[in-house]
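Keeping their order, the protein sequence lines are chains D and B. Its first residue numbered 36, the first sequence is counted upward by one per residue in my numbering. Its first residue numbered 5, the second sequence is counted upward by one per residue in my numbering.
No lab work stands behind these hints, which were simulated from the structure alone. Ideal Cβ positions, reconstructed from N, Cα and C, are used throughout, including at glycine. Do not take every clue at face value.
[Said to hold, decoys possible] Which chain D residues stay away from chain B? Per the calculated CB distances, all over 10 Å, these:
#1 119
#2 158
#3 166
#4 172
#5 204
#6 210
#7 311
#8 319
#9 323
[Unchecked claim] One-sided excerpt, in silico: chain D residues whose CB lies under 7 Å from chain B:
#10 86
#11 88
#12 89
#13 109
#14 110
#15 125
#16 127
#17 333
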Amino acid sequence: MSAAVELRGVVKRYRRTRALDGLDLRVPRGTLVGLVGPNGAGKTTTFGIISGVLEPDEGTVDVLGSGPFHPRAQAGALGVLPQDCALNPHSSARQLLTFFGRLQGLTRAEATREADRLLDELRLGDRATSRVGELSHGMKRRLAVAQALVGDPRLVLLDEPTGGLDPHLVVEMRELLLREKRRRTLVVSSHILSDLERTCDEIAFLEAGRCVRAEPVETLRLASRRIRIRLAGPAERAKLAAVFGDRPFDLDGDSLSYELAEDEAPRETAPAVLAALVAAGVPVLEVSVGGSLEEAYLAAREAVRRDPGRR
Amino acid sequence: MSGKGLFRDAAVIAAFDLGESLRSRKVLIFLVLYVVGAIGATLIFTEVLQEVEIALAEQLLVARTRDPGSLTQAVMESPELLRVISRLIRDDALARALVRVPPIALLYHWVALAFGPVFAVLTASDTVASEVSSGSVRFALARTDRAGWILGKVFGQSLLLAVGIALGALASWVTGWIQLGAFAPGATAFALARYAGTAYVYVWAHLGLALGVSQLTRSVPWSRALGLLALVGVFGLHRFLERDAIVEAAPVLAGSLRQLFPVAHRLDLWRPGLEASAPALAILVALGAVYVGLGYLRFARRDA
Numbered sequence: 036m037s038a039a040v041e042l043r044g045v046v047k048r049y050r051r052t053r054a055l056d057g058l059d060l061r062v063p064r065g066t067l068v069g070l071v072g073p074n075g076a077g078k079t080t081t082f083g084i085i086s087g088v089l090e091p092d093e094g095t096v097d098v099l100g101s102g103p104f105h106p107r108a109q110a111g112a113l114g115v116l117p118q119d120c121a122l123n124p125h126s127s128a129r130q131l132l133t134f135f136g137r138l139q140g141l142t143r144a145e146a147t148r149e150a151d152r153l154l155d156e157l158r159l160g161d162r163a164t165s166r167v168g169e170l171s172h173g174m175k176r177r178l179a180v181a182q183a184l185v186g187d188p189r190l191v192l193l194d195e196p197t198g199g200l201d202p203h204l205v206v207e208m209r210e211l212l213l214r215e216k217r218r219r220t221l222v223v224s225s226h227i228l229s230d231l232e233r234t235c236d237e238i239a240f241l242e243a244g245r246c247v248r249a250e251p252v253e254t255l256r257l258a259s260r261r262i263r264i265r266l267a268g269p270a271e272r273a274k275l276a277a278v279f280g281d282r283p284f285d286l287d288g289d290s291l292s293y294e295l296a297e298d299e300a301p302r303e304t305a306p307a308v309l310a311a312l313v314a315a316g317v318p319v320l321e322v323s324v325g326g327s328l329e330e331a332y333l334a335a336r337e338a339v340r341r342d343p344g345r346r
Numbered sequence: 005m006s007g008k009g010l011f012r013d014a015a016v017i018a019a020f021d022l023g024e025s026l027r028s029r030k031v032l033i034f035l036v037l038y039v040v041g042a043i044g045a046t047l048i049f050t051e052v053l054q055e056v057e058i059a060l061a062e063q064l065l066v067a068r069t070r071d072p073g074s075l076t077q078a079v080m081e082s083p084e085l086l087r088v089i090s091r092l093i094r095d096d097a098l099a100r101a102l103v104r105v106p107p108i109a110l111l112y113h114w115v116a117l118a119f120g121p122v123f124a125v126l127t128a129s130d131t132v133a134s135e136v137s138s139g140s141v142r143f144a145l146a147r148t149d150r151a152g153w154i155l156g157k158v159f160g161q162s163l164l165l166a167v168g169i170a171l172g173a174l175a176s177w178v179t180g181w182i183q184l185g186a187f188a189p190g191a192t193a194f195a196l197a198r199y200a201g202t203a204y205v206y207v208w209a210h211l212g213l214a215l216g217v218s219q220l221t222r223s224v225p226w227s228r229a230l231g232l233l234a235l236v237g238v239f240g241l242h243r244f245l246e247r248d249a250i251v252e253a254a255p256v257l258a259g260s261l262r263q264l265f266p267v268a269h270r271l272d273l274w275r276p277g278l279e280a281s282a283p284a285l286a287i288l289v290a291l292g293a294v295y296v297g298l299g300y301l302r303f304a305r306r307d308a
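Whole structure, please, built from the sequences with the hints as guidance.
Below, the structure written as structure tokens:
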């Protein structure tokens with residue numbers, strides 16, 4: 036699959052600080068890629084480099100196969116939600132989206148239609164004529180996401196799209212991402228790993244300005260080689276011992292987990308374990324294979340901590 | 005799709021910027037101040053005019069008037085008015101050439117030349133810095149390049165300045181019409197339009213200075229301070245280069261350097277014929293553009 040974004044050896048310095056320290060990152064076209072990392076890992080700087088508002092000190096940048104992004108040469112191709120950036124407060128929501136649509140290359144009529152469509156999609160239709168400065172934080176955030184989608188861009192960068200949103204809005208944003216991932220390439224950063232796990236195709240872990248691991252979500256989850264079983268009720272250890280034999284398992288309340296042996300394939304072993312548990316009369320509610328994204332992230336951080344050379 | 009181009013983007017940004025400025029209270033307050041300033045100055049001037057008329061009436065042994073402007077013709081030819089105009093423009097020969105210009109227009113021109121640069125610097129010196137500081141520039145720079153964005157800001161602020169200058173001229177005309185007994189509406193409107201044009205170009209040069217400075221820093225307080233500093237600097241340096249010691253030591257260099265400051269071309273803007281002001285107008289337009297361009301050299305190379 037060709038790349039929508041390819042960064043190689045990118046270095047970005049802010050005086051003495053190296054915000055990016057030889058970053059390599061590849062975003063395949065048509066995928067939703069999540070950027071994960073602690074504060075200061077370089078996520079926001081990466082977005083700035085891709086969108087062209089920051090100049091890299093070293094390295095190469097290729098956006099949509101045309102080298103560094105240039106807004107005139109690649110008109111309308113990129114939508115960006117920058118982090119902690121204020122929208123112009125005096126315009127109405129519709130005026131602002133229409134303005135961005137016009138800059139995206141749309142005619143006035145097209146831009147107005149696009150603004151109204153996105154306001155409806157982001158549930159802001161009833162606030163179209165409200166001044167941006169009068170909107171709540173959640174509404175401003177949704178409006179900022181809407182502006183990133185104006186003009187149907189091929190590549191969209193969303194830096195913390197769910198930051199500071201109420202839980203029900205986080206769910207709505209997740210659903211929006213799932214709809215949008217079929218239409219374009221998306222790169223999203225978030226601290227809510229469970230959301231990224233549900234929406235992203237690939238995840239890149241950033242640490243101190245470098246990408247320490249980038250894999251499909253499925254690969255990251257299966258890396259832990261663990262089967263997790265949620266029990267519907269208490270289970271007798273004797274029954275579990277009968278199922279697992281001398282292979283070790285962990286039981287913590289209604290959570291049971293089992294580390295796969297080297298020669299066991301997760302997709303084949305999980306159904307067999309489930310069948311054995313049911314046959315032994317153990318009440319099973321849910322079986323899942325692999326670890327969470329959170330575990331994979333912590334494992335990647337731990338690996339870097341033990342071996343700083345991995346950076 | 006309507007396609008993209010530098011000037012199309014600049015026009016879109018200028019229209020939005022003008023609307024955004026007019027919607028913000030800050031600029032509205034400045035516009036109101038500008039109009040109030042023009043009205044206030046006109047009112048004061050009509051009082052002065054009445055004093056001149058009273059003095060003239062006593063000399064001519066005719067009845068005193070309560071309506072300023074009733075003795076227009078006599079006042080126009082009076083040495084008192086000539087002295088007033090000479091004080092405004094500080095050039096006796098030129099003052100004699102201006103006595104036939106409606107006095108309201110002359111006063112308006114003086115007010116605009118004196119306070120317009122301050123108005124421009126106060127409203128525009130944080131134009132770029134405020135958007136870089138708040139990050140809102142990043143929404144636009146994903147869609148247009150820096151040249152298009154700056155050009156749009158320049159167009160927008162130039163339009164806003166035109167609104168301020170035009171409102172001030174209109175306020176002067178209305179005040180003169182109400183206050184003066186013998187008011188020539190057509191001639192005054194024509195003279196006001198002509199002097200509003202030259203005032204606009206003079207203030208534009210200072211607007212360019214403010215927009216240039218605004219591109220140097222992302223700090224709003226700093227950009228405002230730098231704007232005021234630059235304004236004081238161009239006047240101060242010009243005054244310095246006018247000192248006898250400097251002129252005697254390096255007449256050509258001092259004379260050439262003075263041309264880099266808008267105030268050096270102010271006197272030429274008073275000349276009655278537009279063709280006499282044309283070289284100064286052209287230089288002022290160029291100076292404004294150069295100031296913006298110098299700021300852009302920095303803005304184009306820094307992180308937004």
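For each hint, the structure was consulted:
Interface exclusion of residue 119(D) from chain B breaks down, the closest Cβ pair being 6 Å apart, not more than 10 Å. The claim that residue 158(D) is not at the interface with chain B holds, since no C-beta of that chain comes within 10 Å of its own (minimum 21 Å). The claim that residue 166(D) lies off the interface is violated: its Cβ sits roughly 8 Å from the closest Cβ of chain B, which falls inside the 10 Å cut-off. Even its closest Cβ contact with chain B, about 15 Å, leaves residue 172(D) beyond 10 Å, as expected for a residue assigned away from the interface.
At roughly 21 Å, the least C-beta separation between residue 204(D) and chain B is larger than 10 Å, which holds for a residue marked as non-interface. Residue 210(D), annotated as away from the interface, keeps every beta carbon of chain B farther than 10 Å; the closest lies near 24 Å. Interface exclusion of residue 311(D) from chain B stands, the closest Cβ pair being 55 Å apart, more than 10 Å. With a least CB separation of 50 Å from chain B, residue 319(D) remains clear of the 10 Å interface cut-off, as annotated.
Consistency note on residue 323(D): stated as away from chain B, and its beta-carbon is indeed over 10 Å from all of that chain's, at 39 Å minimum. Taken as an interface hint, residue 86(D) checks out: its beta carbon lies about 5 Å from the nearest beta carbon of chain B, inside 7 Å. Given hint, residue 88(D) at the interface with chain B, holds; its Cβ is 4 Å from that chain's nearest Cβ, closer than 7 Å. Look at residue 89(D): its Cβ gets to within about 5 Å of chain B, closer than 7 Å, so that hint holds up.
With 7 Å as the threshold, the beta carbon of residue 109(D) stays out of range of chain B, its nearest partner Cβ sitting at about 10 Å, so the hint is violated. With a least beta-carbon distance of about 4 Å to chain B, the hint placing residue 110(D) at the interface is held under the 7 Å criterion. Interface restraint check: residue 125(D) against chain B, minimum CB-CB distance 4 Å, threshold 7 Å, status holds. Restraint check, residue 127(D) versus chain B: the minimum CB separation of about 9 Å is more than 7 Å; hint violated.
For residue 333(D), the interface hint is violated, the least distance from its beta-carbon to any beta-carbon of chain B being 31 Å, above 7 Å.
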